[in-house]
Every structure is written in C-alpha cells, then in structure tokens.
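Student: The primary structure of each chain is shown beneath.
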Amino acid sequence: MTDYNQISDEAFRTTVRTFFEQNYPAHLRFTARRLRWEEIKGWYLTLSGKGWIAPNWPREHGGMGLSPQKMIIYFEEIERWGIARAPDHGIVQVGPILIKFGSDAQKREYLPRILAGEYIFCQGYSEPNAGSDLASLRTEAVRDGGHFVINGQKIWTTLAQESTHMYILVRTDKQAKKQEGISFMLLDMKTPGVTVRPIRNLAGHEEFCEVFLENVRVPAQNLVGELNRGWTIAKALLSYERINIGSPRRPQYALKRLALLARSKGLFDDPGFVDKFTQLQLDMADLASIYARYVEVVKRGEALGQDVSLLKIWAMETWQRLSELLLETAQEYGCVTGEIDFDGVKVDVLSPFYYSRPATIYGGSSEIQRNILAKYVLNLPS
Amino acid sequence: MTDYNQISDEAFRTTVRTFFEQNYPAHLRFTARRLRWEEIKGWYLTLSGKGWIAPNWPREHGGMGLSPQKMIIYFEEIERWGIARAPDHGIVQVGPILIKFGSDAQKREYLPRILAGEYIFCQGYSEPNAGSDLASLRTEAVRDGGHFVINGQKIWTTLAQESTHMYILVRTDKQAKKQEGISFMLLDMKTPGVTVRPIRNLAGHEEFCEVFLENVRVPAQNLVGELNRGWTIAKALLSYERINIGSPRRPQYALKRLALLARSKGLFDDPGFVDKFTQLQLDMADLASIYARYVEVVKRGEALGQDVSLLKIWAMETWQRLSELLLETAQEYGCVTGEIDFDGVKVDVLSPFYYSRPATIYGGSSEIQRNILAKYVLNLPS
Amino acid sequence: MSSDHHSLLRDSVADFVARGTDIARVRKLRGTPAEYDRAVWRKMAELGWLGVLIPEQYGGLGLGLAEAAIVAEGLARALVPEPLTAATVLAGGVLAGGDNETLKNELLPRLAAGEVLPALAWQENAGALDVTAISTQALPFEGGFRLNGEKRFIAGAAGADGYIVSANTPQGMVLFWLARHTPGVDLKLEPLADGRHFGVLRLSDATVTAENQVAGAATARGALEKALDHAAVIAGAELCGVMGRALDMSVDYMKTRVQFGKPIGSFQGLQHRAVDLYIQKQLSAAVLEEALQALDQHPDATARAAYASRVKARCSDAGLRITREAIQIHGAIGFTDEYDAGLYLKRAMVLAAWLGNAQQHRRRYARLVPPEFE
Amino acid sequence: MSSDHHSLLRDSVADFVARGTDIARVRKLRGTPAEYDRAVWRKMAELGWLGVLIPEQYGGLGLGLAEAAIVAEGLARALVPEPLTAATVLAGGVLAGGDNETLKNELLPRLAAGEVLPALAWQENAGALDVTAISTQALPFEGGFRLNGEKRFIAGAAGADGYIVSANTPQGMVLFWLARHTPGVDLKLEPLADGRHFGVLRLSDATVTAENQVAGAATARGALEKALDHAAVIAGAELCGVMGRALDMSVDYMKTRVQFGKPIGSFQGLQHRAVDLYIQKQLSAAVLEEALQALDQHPDATARAAYASRVKARCSDAGLRITREAIQIHGAIGFTDEYDAGLYLKRAMVLAAWLGNAQQHRRRYARLVPPEFE
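Order-wise, the sequence lines are chains A, B, C and D.
Quick note on this note's numbering: the first sequence kicks off at 6 and runs consecutively.
Quick note on this note's numbering: the second sequence kicks off at 6 and runs consecutively.
Quick note on this note's numbering: the third sequence kicks off at 11 and runs consecutively.
Quick note on this note's numbering: the fourth sequence kicks off at 11 and runs consecutively.
Hints listed in this document are in silico derivations from the structure and should not be mistaken for laboratory results.
Note that beta-carbon positions come from the ideal geometry of N, C-alpha and C, so glycine has one too.
A few of these clues could be false.
[Said to hold, decoys possible] Anything over 10 Å on all C-beta distances counts as not near chain C; from chain A, calculated: (1) Ala89; (2) Ala110; (3) Asp274; (4) Ala297.
[Said to hold, decoys possible] Chain B stretches covered by chain D per the calculated footprint, using a threshold of three residues with CB under 8 Å from any CB of chain D: (5) 193-207; (6) 252-262.
Turn these sequences into a full structure, and let the hints steer you where they fit.
Tutor: The following block contains the structure:
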C-alpha cells in the first residue's frame with residue numbers, strides 16, 4: 006500500500022481532491038442532517054475499497070497511516086467538497102482505542118470488519134442522568150462467569166437503530182469514586198435484552214435513540230483494557246472531538262447560504278444588513294484563523310491543551326448567530342419549513358437554525374466548555 | 006403651609022414646573038458629574054426657603070408631605086428640567102429614618118438643620134471588604150460610658166469631604182451572625198479621629214472618599230433605634246433606591262445627545278446607524294414603559310417587590326450600551342476628553358461613558374441584582 | 011372592563027386550557043390539512059371568545075384589545091393551534107372596519123358563532139408591511155370584478171371558509187370576500203415550523219360580485235392597516251404566552267435537573283441567564299400592557315402603528331430568545347420532538363415571522379417616530 | 011526571524027518594562043505637554059526598537075512587522091506612553107516609503123537613533139480612512155510650496171520635532187516634511203482619555219522647499235496607505251498587550267477578592283464572563299498572528315488592507331470590551347483613578363479610536379472583500 010506521507014503535500018491534496026470530486030455522489034454534498042447508513046453506505050464502501058476509509062489508522066492495521074500534516078489535508082478536502090459524515094465511530098473512536106488498549110483477539114476480530122463496513126458502531130456514553138456529568142453514569146455491568154451482565158439505559162445514542170455494535174461505558178465498581186469504577190466494553194446490538202427506541206428531533210429526523218439494556222450478557226473478552234479503567238480510555242480521544250467540532254465548515258456553509266439569500270434580495274445595498282453580515286463574516290474569518298493555529302499544533306503532532314475548548318464555543322455560537330440572521334433575513338419565510346425559492350436561489354432557512362441548536366449541547370455543552378476554560382486555563386477557584 | 010395633595014395633579018405639575026424653570030440655574034442643567042456643595046448650595050437653599058426641599062417628609066416635620074402620586078410628579082419635573090442631584094442623603098435617607106426610628110431629641114436636633122442645609126449627610130455603609138457583601142462590615146463601635154468608640158474604615162463615601170455628618174453602620178456585637186450585631190448611628194464629621202481622603206475617579210473628579218475612623222467618640226444618644234438593629238433600619242429604604250436608580254432620565258439624556266451628534270453627522274441617512282439607534286430607542290421606550298408600571302405601584306402606595314431589581318439592571322445597562330454607541334459614533338473623537346464641537350453641536354462624548362460605568366457597580370451591582378432576582382423572584386436554589 | 015373582570019377572564023381561559031386542550035392534541039393536529047378542531051372552535055365561540063372584538067350589534071361582545079389579548083395569551087401558553095388571531099382580530103377586524111353593512115350582518119355573527127372562518131389575504135411579498143404594495147388586479151367585469159394575482163403568508167388559510175382579498179381597481183385598492191371554492195381561486199399550503207401552514211392563494215380570473223366588496227377604495231386601506239396593527243399587538247400577546255410558559259418550564263427544569271450533585275439552577279451562570287430572560291419577558295409584558303391601554307383609547311394611526319411595532323419588535327425578539335434558550339437550558343432533551351420545549355420555540359418562530367419580524371418592525375418604527383433631540 | 015529569536019525579543023521587552031518603566035511614570039507623564047520621556051526614548055533607540063522596521067542601509071534593523079508587533083505589544087502591556095507606533099511605524103513607514111533619498115538618508119538614521127521624532131499629519135475629518143479625502147492645498151511658490159489647511163488626530167504630535175503633511179498639488183497629492191517651528195505651522199493639542207494628546211495642525215501659508223518633499227504624486231498615496239495599514243496592525247498588537255494585561259489583572263483579582271465568604275472567581279457567572287473575555291483575547295491574538303505572517307510576505311494592497319481592517323476591528327472591540335469589563339469585575343475600586351484598571355481602559359479607548367475604530371474598519375472590510383457565495 007502507498008505510503009502517502011512520502012509524497013508532497015500538494016500532490017497528496019490533488020490526489021485526494023480528484024478522487025473525492027470524481028467519486029462522491031453530488032446529491033449528498035453539504036447536507037445538514039446526518040445521513041442514514043442506506044444513503045452513505047455506497048460512499049463508505051468506495052472509500053473502504055480504495056483503502057482510504059481510515060486515514061488515522063496505522064498502515065499495518067489497514068489504515069492510511071497519515072501524518073498529522075497529511076491528515077489535516079485529507080479532512081480539509083473532505084470539508085471543502087462537503088462530504089457528509091458517515092457512521093465513523095468505528096473509524097474515529099473504536100479503531101484507535103483498540104489499537105492502543107485492545108487485545109490481539111479484539112484487533113483481529115473488529116478492525117477488519119470496521120474497515121469493511123460490516124460493523125457499525127454507536128457510542129454508549131450518555132445516560133438520562135449523566136449528560137454533561139458523564140462520570141455519574143449508572144448503567145451497571147456485573148460479572149457472571151464468562152460474561153458481564155449489563156443493566157441500565159443509554160440515551161442520545163446517535164443512529165443506534167442502524168448500528169451493529171456499541172462501545173459502552175458501564176459501571177463495574179459501585180463503591181469507587183465517580184470517575185473510577187467505570188469500564189469500557191464492546192457490545193453486539195443483536196444481543197438479547199437490547200432495545201432501541203429512536204427519538205425524533207426538532208428538525209423532524211430520527212438521529213438519536215434511547216437504548217435500554219436488560220440483562221444483556223456480554224462475553225468477558227469484550228472488555229477493552231483493564232477493568233475499571235474505562236474513563237481513561239474514553240477521555241483519551243475527547244480533545245480530538247473538540248478540534249473537529251470547532252471546524253469552520255458548517256458556519257462557513259451557512260454564511261454562504263446567507264450571502265446567496267441576501268444577494269437575491271438585494272441586501273448588499275442595505276448598509277444595515279451589511280453591518281450585521283460583515284460582523285459575522287469577520288467572526289468567521291477569525292474563527293478560521295484560530296482554527297488554523299490549532300491545526301498547526303495537530304500537524305506538529307503536539308497535544309492540544311484544554312484551551313481548545315474555546316474553538317467549539319466560538320465555532321458553534323457563531324454558527325448559531327449566523328442561523329439567527331438567516332431567519333431574520335428570510336423575514337416572513339423565517340418560519341417556513343423546507344427549501345424556499347428566493348428568485349431562483351433555493352435555501353433551506355430553518356435547517357441551519359435547527360442543527361446549530363444541539364451544537365452547543367452535545368460533545369460537551371458550551372457551559373461545560375466554559376467551566377473547563379475557567380478551571381484549567383484561567384485557573385479560577387471552584 | 007400648603008397641602009399640595011389637595012390641588013389637582015395638573016395644577017401641581019404646572020406650579021412645580023414653573024418654579025423650577027424660573028429658579029434653577031440654567032448652567033447646571035443636565036450635568037453628568039455630581040455637583041459640589043459650593044455649586045448646588047444656592048439651589049438647595051432656594052428649595053429650602055420655598056419649603057420644597059423635602060417632598061417626602063410629613064408636613065409636621067417641615068416636608069411637603071406629598072402623596073406618592075404627587076411625589077412622582079415632583080420627581081418627573083425634576084428630571085424633565087435636568088435638575089442636578091444635591092447632597093440629598095439627609096432628605097432621602099436620614100430624615101425618613103429618624104422620623105420612623107429616631108428619638109424625639111434626635112428629630113428636634115437633626116430635622117430642621119437638614120432642611121436648612123446646615124447638616125449635610127454622607128453615607129457610611131461600604132467598607133474595603135464589604136462592598137457587595139455589606140453584611141460583612143468590620144468597623145466596630147465599643148460602648149465606653151456615655152459614648153461609643155468607633156474604629157475602622159469606610160470607603161466609596163460620596164462627597165464625604167464636604168459633609169458635616171455621616172450616618173454610619175457599625176458592628177456593635179462581634180459574636181452575632183453577619184446581618185445581626187450591626188447598629189445605625191449618626192456621626193459628626195468634625196469629631197477627632199475622623200480623617201477623610203478623597204479618591205479621584207476615572208472621570209477625573211473627586212466624588213467619593215475613604216473615611217478613616219480612629220477612636221472616634223460618638224455620644225450614645227447618636228444611636229438610632231435599638232442597638233444591633235441597624236441592618237433593619239438600613240434595609241428599609243433600599244427598594245426606593247432601586248426604583249430611583251432605574252429612572253430613564255440619564256439614558257434618555259444620553260440618547261438625545263447621541264441623536265444630536267448623529268444628526269450633525271448626517272447619520273440618520275445611514276440605515277446601519279439607524280438600525281443600532283432604533284434598537285436603543287426601543288430599549289429606552291420599553292424601559293420607560295416598565296418604569297411607569299413601577300411608578301404606578303409607588304403611586305398606589307404599595308410596597309415594591311424584589312422584582313424591581315430588573316429596573317436598575319435594564320436602565321443602567323441600556324445607559325452603558327448607549328454610551329458605547331456614542332463613542333463609536335464619535336469615531337476618532339471617541340477618545341477625546343471634554344466637549345467636542347460637531348458642526349455647532351457640543352457633545353461631551355466621554356462623560357456618559359465614564360459615568361455609566363459605576364452605575365452597574367454602586368447601589369447593588371448588576372451581579373447582586375441578578376442574584377436577588379434568581380433567588381427571590383425565580384426562586385432558584387442556591 | 012375592570013381589572014377584576016380581567017382576572018375572571020384570565021381564569022376562564024386557564025380553565026378552558028386545563029380542561030379543553032392539551033399538548034397531545036396540539037401534536038396530533040400538526041401537519042394535518044385542517045390544523046384546527048371544529049369542536050374546540052365552537053367551544054371557543056360558546057365562550058364568546060371569537061366575538062370579543064366584534065361589536066354587540068353583530069353578535070359579538072364588543073370588548074377591547076385588552077380582553078382579546080388576555081384570551082390570546084392564555085391560549086398561546088397552551089399552544090392552542092386554532093387561528094384565533096388570524097380569523098378574529100385580523101380577518102374579523104378588516105370585515106368590521108369595512109363599509110359593507112350587508113356583508114357585516116351576514117358574516118360577523120357567523121364568525122362570532124364559529125360558523126364561518128375567514129382568512130385575510132393581503133400580503134404578496136416577504137418583507138412588505140405596506141398594505142398598498144400589491145399587484146393583484148381586480149378588473150370590472152359584468153357588474154362584478156375579475157381577480158388576478160398571488161397572495162402569500164396567509165395565516166389560518168388551511169381551514170378557512172373564505173378569504174378577504176385586497177386588489178387594485180381603477181378607483182384604488184379595495185377588499186373582497188371570496189368563498190373558499192370560488193372558481194379561479196387556488197390555495198396551496200406551505201408548511202410552517204409549528205405544524206401549521208401559510209396559505210398561498212393564486213387568483214386566476216376569479217370572479218366576485220360587487221355585493222362581496224368588503225371595503226371600497228375610501229375605507230379599504232384604513233381598515234387593513236388598523237386590523238394589521240391590532241393583530242401585531244395580539245400576536246405580541248400570544249408571544250408573551252409562549253415565552254411565559256417556556257420560561258416557567260425552564261426555571262422548573264433548573265430546579266429539578268441534577269448534574270454534578272446539584273440542581274443546575276444553583277449554578278450562577280445559568281441563574282444569571284435565566285434572569286436575563288425574565289427581564290425580557292417583563293419588558294415584553296410592560297410594552298404590551300402600555301400598548302393595549304393606549305390602543306383602546308383609539309389614538310391616531312401613527313401612534314397606533316408605533317405601538318404595534320414596539321410590541322411586535324420586543325415580543326418577537328424576546329419570544330425567540332427565551333424559547334431558544336429554553337432548548338439550551340434543557341440540554342439534549344430540549345432538542346427532542348417529544349419534549350414540549352421545542353414546540354414553544356417553533357410557535358415563537360411562527361409568531362415572530364408572521365406580520366413582520368422584529369427587524370422589520372424596528373425599521374417601521376424608525377420611519378414612524380423621529381428621534382428626540384431635546 | 012525564527013520563533014526562538016522572537017522569544018528572545020519578547021523577553022528583552024519584558025525585561026525593559028520590568029526595569030525601565032512603571033505605571034507611576036505613566037501617571038506622571040499624563041497631561042504633560044511632552045507626554046514622553048527623552049531618556050526612555052533614547053534607551054529604546056539603543057535597544058534598536060525605534061529602527062525595527064527601518065532598512066539597515068538607513069541605520070535600522072530591517073526587520074519585519076512581526077518583530078515590531080512584539081515590541082509594541084510588550085510595551086503596551088506596561089502602558090508605555092512613548093509614541094512608538096506613531097513615530098516609527100506610521101511616520102517612519104511613510105518616510106521609508108517615500109521617494110526622497112536625501113531626506114531618507116537624513117531623517118531615518120536619526121529616527122532610529124532617537125534624535126528626531128516625526129509625526130504624520132494626514133487626516134482632516136473624523137471617520138475618513140481614505141487618504142485622498144483631504145483639502146489641504148500646496149501651491150507652488152518660489153521653487154517650493156505654500157501650504158494651507160488643517161490636520162487632525164495626529165498621534166505623537168505633542169513631542170514631535172516635525173510633521174509629515176499630505177497636501178494636494180496640481181500634480182496630485184504629495185507629502186512634505188515640515189520642521190516643528192516652521193512659520194505658519196500652528197499646533198494645538200486635544201487631550202485624550204489616556205493623558206496623551208491628538209495634535210491639530212493648522213497650516214497658514216506655511217512654506218516648504220521642494221527638497222522637503224517626502225514623496226511625489228506617484229508614490230505619496232501608496233506610501234501613506236501602506237504605512238497606515240501597518241500602523242493599524244501594530245495598534246492591534248498594542249491593544250493585545252493592553253487587553254492581555256487587563257485580563258490578567260482581572261483574573262488575579264477574581265482569585266483574591268473575597269465576598270460572601272468566597273473568592274469572587276468561584277462564582278460561575280463571573281467565571282463564564284471571564285472566559286468570554288479570554289476567547290476575545292485569543293481571537294485577537296490569532297488574527298494578529300495571521301496578519302503579521304501574511305503582511306511580511308508583501309501581499310497586494312487589497313489583501314493588506316483587508317488584514318489591517320480585520321486586526322483593527324477585532325482588537326479594538328476586544329480591547330474595549332475586556333478593559334470595560336475589567337472595571338466591572340473590579341467593582342468600585344476599578345472606577346478609581348488610582349487603581350490601574352482604568353488606565354488600561356483609557357489606553358484601549360485611544361487605541362480603538364485612533365486610525366479608525368472597529369465599525370469604520372468593518373465597513374472598510376466590507377468594501378474590500380466581497381462575500382463568498384459558493
């Protein structure tokens with residue numbers, strides 16, 4: 006397999022871009038909602054066939070083994086072309102975790118099947134009473150011979166209804182302090198006792214689910230890493246999520262839709278509108294500048310500090326402000342569902358508004374991110 | 006003496022307005038800074054001579070004895086004509102407190118001299134470590150025969166340098182809980198051991214002072230009300246302060262200055278400016294509406310609830326936003342001190358900016374007001 | 011009416027809401043073509059609410075906007091989907107303000123009785139609050155008129171029995187009453203965030219007799235403008251209901267939801283945010299109250315329009331902000347369709363956009379009210 | 011320069027600040043006519059800082075904007091009042107960008123050495139960022155020119171030894187060097203919030219020889235625009251220094267000030283506000299860093315201007331907001347003149363207004379950079 010790190014950045018970018026442009030289905034570009042497996046499966050398998058589904062995995066495990074520098078280019082091109090997010094928990098989370106913490110048997114079983122799109126993972130972290138406060142989760146796993154027996158409930162599990170597996174945090178020691186006594190396991194969704202109930206969201210789609218676990222028997226070999234060390238395993242990847250979710254892509258796209266709408270309404274001749282637009286344009290430009298700084302850190306292969314939390318706050322809150330100006334600019338259409346034709350320009354006005362709402366809730370709410378910055382960056386007392 | 010409550014509202018308004026217009030010195034209208042006693046003394050004595058210096062006191066004590074309804078009219082006319090605040094602590098605070106809690110001897114000594122402008126009171130509440138948290142004050146008064154001996158320090162004492170007396174909160178029982186063990190006393194500023202140090206503020210004026218109290222001997226008969234009940238006495242008038250400080254007068258004046266400046270720069274043809282201006286114009290209009298609701302409560306003679314805190318927050322924060330737009334609109338002049346001539350319109354751009362700063366700090370900071378609303382109005386847990 | 015009567019009316023609306031409607035019914039009606047429930051509508055008629063603003067001579071109660079606002083706010087707290095404001099304040103107001111006595115005698119009592127549900131079709135372009143900015147034409151034709159044009163953003167159109175349509179004639183703009191199934195009248199529905207619809211009415215050579223002229227050129231504009239101002243104020247009252255309930259829900263949630271071992275309502279950051287929402291709610295209530303008092307004194311058209319714009323601007327912004335923040339305060343559950351917070355947000359979105367959003371009304375206000383300089 | 015060299019430079023500025031200046035000196039200089047200290051100025055010259063941007067051939071260090079920014083930010087953290095940006099980046103930049111080699115050889119080495127302090131007098135009207143929007147006239151006269159006009163908002167004018175003045179000639183706009191005491195040159199000072207002054211220069215038949223023409227019509231405009239963009243960026247760096255120190259002070263105060271039995275920094279409401287200020291500071295630093303990198307690659311005039319406006323807009327807003335909030339966080343003591351927080355606010359006010367405030371630069375940016383649609 007090609008070692009892409011040996012070729013120049015520009016050549017790599019061209020290669021990737023060309024492949025994406027030629028192979029990604031045009032009608033799936035820049036979608037606001039999460040695509041279903043039925044819709045995105047073809048693309049997943051195309052990437053998989055090309056050996057490009059796991060840019061972040063080492064080559065010996067079937068990944069592209071990209072350097073941080075090359076990985077950034079890869080994701081820049083993904084974003085540039087508006088390629089939708091496939092069910093990528095297996096690639097982004099489970100793979101790297103197994104490679105670092107998993108047994109050989111686990112690696113042999115799971116890694117190839119994730120690459121092949123046979124195993125689709127969902128994340129079993131959140132619970133009804135452990136949202137922002139993940140450490141207080143209650144779903145329990147009790148050892149019974151060669152199995153763990155899991156009882157409890159997970160919630161906000163994205164696309165659980167079409168996942169084959171779940172990576173799950175469970176409490177294995179009730180006496181231990183909150184963050185301790187938690188273990189990390191892999192769970193086949195077809196195991197008896199697993200019930201999935203999709204939850205409709207404000208945008209009208211069923212993207213997340215409740216998952217009820219009733220005497221679910223998981224083979225003991227599905228424990229990843231040591232017993233009661235699940236918190237450490239789960240935390241290892243959270244800072245990646247924070248730079249990823251701080252990407253300017255979605256707000257940038259909303260800004261362009263706003264610009265199109267404004268042009269069709271002749272609003273660039275209205276200094277009142279232009280003042281508001283320019284403010285957001287600069288908020289976006291400065292987001293891109295600060296994002297680029299963090300990308301440089303990743304490219305250099307350095308660890309991200311807790312200060313990266315600011316990226317998610319600023320990106321997602323800018324996205325929200327943009328989506329609110331989009332509603333305002335649409336005037337009476339600011340409450341009409343679906344694509345609206347503004348003199349030939351079709352804009353779905355409500356979609357960015359809806360989808361930017363949970364952006365400040367999931368993946369560590371804005372409140373949690375501000376708490377992190379206050380505590381670990383400003384060192385304020387608690 | 007006239008019973009003004011017997012005449013019609015309109016006749017009363019005309020009487021008051023005419024007197025103000027004919028007698029108040031034109032050059033003292035709408036001043037941003039607090040005037041010094043030297044400047045405002047003449048007006049104080051004019052009002053005093055007319056019998057109008059204490060609209061809030063009962064007629065038997067030399068006040069006007071106005072009904073709430075008439076009092077509102079009186080203050081509306083004060084505000085309408087831009088009449089400056091004289092050193093009014095004696096009138097607003099000390100008088101009503103003595104009338105309610107004072108001994109006959111205290112009433113005889115102090116009330117006539119306050120009316121005559123012989124006794125000028127300042128307020129000795131705040132201390133270096135008791136700002137927002139007034140209950141933790143440390144200045145101590147120890148009984149010694151017929152005297153209390155006071156030791157401690159007061160700060161942010163407005164115009165202490167030209168006051169003849171201070172009404173002061175002192176700790177008289179160190180064992181008691183925070184709000185308890187505090188007493189209310191009257192102190193002659195000429196008493197040995199009192200040292201006043203004026204503090205220059207950001208606007209360059211010396212409006213507040215530190216007052217050092219070193220073995221200051223106060224006659225025991227200067228204790229007002231019961232020993233250790235000072236907190237109750239001091240609290241009795243705080244809600245009046247909150248409606249008074251929530252008056253739309255100062256932001257309204259700033260809005261007019263902004264309008265003048267904008268007109269001289271032709272900005273009412275700029276929709277970008279007009280958008281910002283209108284937003285503030287409506288913030289002001291809605292402030293006036295909600296202020297009017299509270300005025301109605303006062304007119305009906307009812308007690309104000311804790312919700313009145315919102316008035317100060319909204320009034321003062323609107324004033325600040327206005328003062329910030331004034332700076333922005335002045336462009337390069339937004340950092341130039343003193344009156345600036347904009348094509349014949351003279352505007353002191355920085356003055357509202359400076360004076361609106363402490364407006365969210367003194368008299369219960371915006372943070373404290375929000376805490377009050379959260380606790381007593383929304384009933385949120387602490 | 012005295013404030014005691016207002017309290018009674020408020021209680022009776024709350025009682026109706028408690029017994030006669032619930033959020034389950036609201037959910038069920040979402041996206042259905044009728045989007046309202048004839049039985050509930052008739053019940054409201056029996057209570058007199060459809061005729062609050064209709065003069066007694068036409069079978070109404072002949073009360074004022076203050077009473078209309080109490081009913082609208084109370085029903086909006088429960089997200090009642092029936093098009094009360096659109097049918098009674100807006101369409102009913104235009105009818106009552108027209109100059110066709112026969113038509114008033116025919117339609118207003120039936121509106122008050124819940125037998126006829128009219129919708130007003132005046133607007134053609136987004137952003138246009140000027141009632142004369144239309145291009146629908148009414149050409150004289152065999153003693154009546156032939157209408158051509160397209161009307162948009164028609165609230166309450168889905169279940170309406172007829173439309174009041176504005177159109178230009180050689181004499182000026184006039185208003186007509188068109189029954190639902192008039193040939194040449196084509197209604198399309200655009201789905202709204204809250205599950206209701208805006209109607210889009212296409213008129214292709216639709217004919218109407220002179221008897222169905224609601225208002226001639228001398229009265230049409232005035233009647234329209236007045237009804238639109240009144241409807242904007244009552245939409246503000248609905249927004250007050252929506253934001254009031256959304257804030258109550260959020261504050262209640264803050265008291266019970268525990269994270270990190272404490273109710274989230276004990277965290278000062280969230281407390282201060284809730285306080286800022288409360289301030290917006292109180293400002294909305296204050297400007298609404300002042301406007302209602304002023305409007306029931308029949309001020310001139312400019313003063314009336316200025317009040318309407320103040321109410322619509324403040325209540326739209328506050329309504330959107332409070333319901334948006336309600337989602338954030340509730341966290342993930344707030345983003346689900348099955349939790350009610352989202353329904354409040356969506357209703358606020360519709361009420362904020364309908365009849366002109368906050369920005370449109372601020373701009374109108376700026377045109378109406380010159381700044382003060384002294 | 012490498013990032014190691016940048017660290018060394020940053021340390022040397024910090025060291026100078028620690029030993030060579032303090033806030034007491036800043037206070038003492040407020041409102042004085044000189045508003046700077048010749049001894050300190052010469053010390054800066056010895057350290058090479060006055061010549062950072064001056065090419066080596068003219069006795070400077072020939073470094074880039076990145077280095078100028080490090081010096082400016084470090085000095086601004088200590089509120090150093092000496093007019094470094096005005097004299098070296100703005101006036102020095104215009105001189106260096108001019109076409110008069112003799113004058114460059116005469117003035118630039120003396121500027122770098124701290125012997126001549128020039129001030130740039132270009133602007134005439136508030137709000138005008140267009141360098142050609144002037145009405146000062148230079149009429150040819152006996153082999154030189156006779157100047158009439160009025161210039162405003164001249165930073166560093168109080169202690170300047172001469173002025174670079176823009177004026178229109180029949181050939182177009184040109185720049186002249188006028189020594190301080192030239193007859194017909196009258197300087198008035200307008201007091202600024204931070205104790206410094208803007209100069210107002212009145213030119214009444216002031217004569218200047220052709221030898222003192224800094225730049226002719228072909229180069230004047232370009233030299234002015236470039237120097238102004240660079241100065242806007244370096245003013246942004248100063249604002250970063252000011253806001254950085256003001257935020258540090260505020261956070262430190264939050265850790266130590268106790269109210270209600272706890273440090274006020276433990277209250278979540280205040281914590282989240284401090285975090286929002288921190289985010290603004292980091293955004294300012296990011297756009298400044300990107301602009302410095304880009305500008306040292308000599309982009310075209312439009313790209314340069316766009317970067318300058320981005321920096322000036324973000325840093326002005328963030329600087330004002332952080333220093334305003336610093337007052338609020340400190341409470342009553344923050345409003346006293348004797349506490350330093352107010353000095354930071356006042357310096358931010360001056361830096362934000364000078365060379366165009368955030369709003370002016372956002373509008374300029376909108377003219378420079380069209381929106382993206384795809």
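Student: Are any of the numbered hints broken by this structure? If so, which, sorted upward?
Tutor: Violated hint (a single one): 6; every other hint is consistent with the structure.
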